[in-house]
Amino acid sequence: MLSFSSISKFIDTWLRGIFNPTWTMVIEMLIAGICVISLFAILGLVLVLMERRVAAWIQIRLGPNRVGPGGMLQSLADTVKLLVKEGMTPDGADKFLFNLAPIIAIIVSMLLMAPIAFAKDFQLWDMNIGVLYVSAISSVMVISILMAGW
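Each residue of the sequence shown is one higher than the last, beginning at 711 in the working numbering.
A couple of the hints might just be wrong.
[To be verified] Derived DSS-like pairs (lysine-lysine); straight-line CA-CA distance at most 27 Å: (1) K805 / K795; (2) K805 / K791; (3) K719 / K805.
Read the hints as simulated data drawn from the structure, not as lab findings.
This one's a predicted model, so the numbers in the text were calculated from it and none came from an experiment.
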């Protein structure tokens, strides 16, 4: 059975043969970040469709069936709708910090998933100080909330 640790060791040895250790670490972090973001994006699309189907089943009505075959493109239509909407910033707020707050909140929530071992050899980082890491990173979430509120 191929585990994620053997895949990451293969990528690490391959990159160390090409780049120096600093660039290897940066590239590994980028690869891990892209994998996590892709996982969340795919899960978001699938879970929204499943939630709409279950809600339609509970309400005894047809589910999302207007966009694409069986409503499969409904999430794409919602994404386009949200991207076209105008962003509103309060008058007294710092525009840069107000718009940066949700980005920081998303990054913090992804960083909190890194030390969690979901199964054997199925974690992003194996840390000895996982509890300290989680408490330190979760405190950054308060900063993003304050940035959005002030």
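Status of the hints after comparison with the structure:
no., hint, result
1, K805 / K795, "holds (17 Å)"
2, K805 / K791, "holds (22 Å)"
3, K719 / K805, "violated (43 Å)"
When each numbered hint is compared with the structure, a violation occurs for hint 3 only.
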